Every structure is written in structure tokens, then in C-alpha cells.
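S.K.: Put chain B on the given structure of chain A with help from the hints.
2 protein chains.
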Amino acid sequence: MLGLQLPTDPRWVNLAEKSLEDILTDHAYCEQKAATSCISLIQLFPDKEELVRELAPIVTEEWGHFRMVLAELDKRELQLGRQRKDEYVNELLKFKKKGGSREERLLEHLLICALIEARSCERFRLLSLHIADDDLKQFYHKFMVAEAGHYRLFIDLAKKYSGEEMVKKRWKEYLTYEAEIMENLELRGDRMH
Amino acid sequence: MLGLQLPTDPRWVNLAEKSLEDILTDHAYCEQKAATSCISLIQLFPDKEELVRELAPIVTEEWGHFRMVLAELDKRELQLGRQRKDEYVNELLKFKKKGGSREERLLEHLLICALIEARSCERFRLLSLHIADDDLKQFYHKFMVAEAGHYRLFIDLAKKYSGEEMVKKRWKEYLTYEAEIMENLELRGDRMH
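If you read the sequences in order, they're chains A and B.
Everything in the first sequence is counted per the working numbering, starting at 9 for the first residue and increasing by one.
Everything in the second sequence is counted per the working numbering, starting at 9 for the first residue and increasing by one.
Looking at chain A on its own, in the form it has when it is part of the complex (with noise of 0.2 Å):
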């Protein structure tokens, strides 16, 4: 459903399950980064209203799941660690068109998000499944849900701004790039990508 071409290897959730404080802590960072990626759209594209009403409730959310995984790390007596450098992302970020008109800008700014957002989505997944657990299998569950649907959501953006056709095209170059990324990137059981 979500078109990534690449599926993460299984073995990736016996590797973080190993480093739950490191999991735990990256994952908190990546929602926090969701929440201020979102804060910058509304930053840049004030003007588009749908977006600014749709994304303010996501950052509210976003936030909310930070302060879930902090909750989870409190719970399980670990630390936040600090944020680390954060590849992925990067990587990801290579591939944005830069310049261009406000409206293409947005587009890609859009479609990385939801990219994002659904490599989060298949991951935990895979962590709801197959991590031993139980508290953590359904700690993971209700983040592949959410996470779905704000892919859903950016893919909707992106149409609503830019046609159907042209999201389309560009979110299979993304999605080719992604999986180059994704195979390259070394598979680390502390980090979510």
C-alpha cells in the first residue's frame, strides 16, 4: 500500500530490540522533527489555507508522540539521549528540487514528508510484529497507524496543490531514490531509518 520498493530486513527489530534506549531516543527525535517539519510548512506557506488548518493539528499530534516516547523511556527507567546526525533524512534531502517555483517547493517539501512518513510506517510495523515485548508491540501499533495516516495526508496535500499526475510522477523518482538510499544506508538497531 505505501509503495516502498524496498522492504526493511526483518532482522533490523532483533537489532533494536537490543537498544531500546537508543530506539527509544531516536524515535523520539524523529517526532519531534515531524512536529517542527510541519511548524515550517505552515511557516512557508501561510497562505494556503487547507494546509495551515490540516498540519496544526499534526503538529499538536507529533508533539503528543514525543512526549509518548518519553513517557516510555520514563516508564523503563532510560534516558533521552541526544539527537544524532540523522542520514536518512539527509539522504532524502539530496534529491529535493531546489529552486523552482513556490509551488514546486512545496511539492517536494510534501512528498519527502510523506515518504518519511511511510518508511516510519512499514518500521513500525515491523516492530508492532516481531518485537518480543507485548507492551511494546501495541506501543508500536498505535504509531504504524498514525504514521499511515499522515502519509495519507502529505500525498493528499500534494495533490490538492499540485494535480494528481504530478505527484504521481514525482513520488515514483522518489520512491526509486528511496529504496538507492535504503540500501546503501547500513542496517543499525539504533535508529528508526
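Bear in mind the hints are in silico, worked out from the structure with no lab data behind them.
As the structure is a prediction and not an experimental result, all values here were calculated from the model.
A hint or two may mislead.
You can't tell identical chains apart in this list, so a pair holds if it fits in one copy or across any two.
[Claimed, not checked] Each computed DMTMM-like pair below joins lysine to aspartate or glutamate, with the alpha-carbon atoms no more than 25 Å apart:
| id | residue 1 | residue 2 |
| --- | --- | --- |
| 1 | Lys150 | Glu181 |
| 2 | Lys41 | Glu181 |
| 3 | Lys168 | Asp55 |
| 4 | Lys168 | Asp82 |
| 5 | Lys93 | Asp55 |
| 6 | Lys93 | Glu172 |
| 7 | Lys180 | Glu99 |
| 8 | Lys41 | Glu57 |
| 9 | Lys56 | Asp30 |
| 10 | Lys41 | Asp55 |
| 11 | Lys56 | Asp82 |
M.R.: Same frame as chain A, now just chain B:
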């Protein structure tokens, strides 16, 4: 109570109510910056447990305020405009000590946040007392109360991490500097500061 050394000229309220779309837009972005500023503090000091746990809900609250302002714009069929350069905050940032230990940088960051909350609180109070529209009187009263609480929280956090004496000394310096900024800034109805 807030210790501000230069009260705002009450005529500012008359200017503000004449440019309601602008003042609400500016207010919305002040709330947005308050949210992202707390997010930055969390990112920079994830090891300060109390700070992270105290500020995480403040981000939710500040973003909720952004959405309240957005709803007020919608109700009045006004548009969210673009973000302006924030001269007040930029001037304040010039006073921030560069370098120093992490603890010193944290103190500077917290006191600047406290100061912006204090001045916003003072201005919301003026609006809540003197604006003609009764709905807006109540609207601004809510923000005044919230900002007073945040001012208190930032000062308390500063005291926790830097000690009472240090905070007292540096806060006095900030108050003096802030009064000079206010004296030199043009009084405009299209912005909160």
C-alpha cells in the same frame, strides 16, 4: 511583579486594535516561536531531566495557543499573514553571552525565554484591559495568565540549574537591557513587541 522596567505606552492598544489582522498574525508566530524555542531547549539539554519534563507539556500548550489564534483569525475571516522579522527578539539575542559553559548557555536561554514571556504577559494584560471588543478582552486575558505561568517556570528552571544568586544578578542585567530595547523600538500596532 514581572520586574519590567519600562511599561508599555497604553496607546499601543489603540494602534493594535486598528490592525487586528496583523497583530493576530504576529501573535500566532510568537506562539509558534515559543513552541520551537522550548523544543530547542529540549534538543540542546536532553540530559536535564526536569527541564525536559517541564517543557514538553509547554510545547503542547504553546502550539495550542497558535491554534487558538488561528481559530480567532478564521472566526473573523482574517488571514494568517507572513512571519515578519522579529526585531525585539533579535535585539534580545544580541545580549546573550556567547560561549561559556553549557550551564551558562542554558541560563542565558532560559532568561531570554522568561523575558519574552514577561513582556508578552504585560502586553496581553493591556489588551485584555483596554481593547474595545469584549470577546477579545477575554481572549487576551487567557494568554496573559498563561504567559505569567511560563515566565515563572523559566525563572524557576533557571534557579534550579544556576542558583538563586546567579539568576538574580543576570536577570537584573537583562531587565535593564530590555528596557533600553523597548525605549528604542518604534511603537507599532502590527506587532506584539
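S.K.: Up to 25 Å between alpha-carbons, please classify Lys168 paired with Asp82: within, between, both or neither.
M.R.: between (41 Å within a copy, 21 Å between copies)
S.K.: Given identical chains, is Lys93 near Glu172, meaning Cα to Cα at most 25 Å, within a copy, between copies, both, or neither?
M.R.: neither (34 Å within a copy, 36 Å between copies)
S.K.: When no copy is specified for Lys41 and Asp55, does a C-alpha distance of 25 Å or less occur within a copy, between copies, both, or neither?
M.R.: both (23 Å within a copy, 19 Å between copies)
S.K.: How do Lys56 and Asp30 come out at 25 Å by Cα distance, when the copy is not named: within, between, both, or neither?
M.R.: The answer is between: 17 Å across copies meets 25 Å, while 37 Å in one copy does not.
S.K.: Please sort Lys150 with Glu181 into within, between, both or neither, judging by C-alpha distance up to 25 Å.
M.R.: neither (29 Å within a copy, 48 Å between copies)
S.K.: Go through the copies and call it for Lys56 and Asp82: within, between, both or neither, with a Cα cutoff of 25 Å.
M.R.: Result: close only across copies, 13 Å inter versus 39 Å intra.
S.K.: At most 25 Å between CA atoms: does that hold for Lys168 and Asp55 within a copy, between copies, both, or neither?
M.R.: within (14 Å within a copy, 42 Å between copies)
S.K.: For Lys180 and Glu99, with the copy left unspecified, which applies at a CA distance of at most 25 Å: within, between, both, or neither?
M.R.: Result: close within a single copy only, 17 Å intra versus 46 Å inter.
S.K.: When no copy is named, should Lys41 and Glu181 be tagged within, between, both, or neither for a Cα gap of at most 25 Å?
M.R.: within (24 Å within a copy, 35 Å between copies)
S.K.: Within a copy, between copies, both or neither: where do Lys93 and Asp55 come within 25 Å Cα-Cα?
M.R.: between (32 Å within a copy, 18 Å between copies)
S.K.: I want to check one pair: Lys41 and Glu57. Are their C-alpha atoms no more than 25 Å apart within a copy, between two copies, both, or neither?
M.R.: Result: close both inside a copy and across copies, 22 Å intra and 20 Å inter.
Hints 1 and 6 from the earlier list are contradicted by this structure; the remaining hints agree with it.
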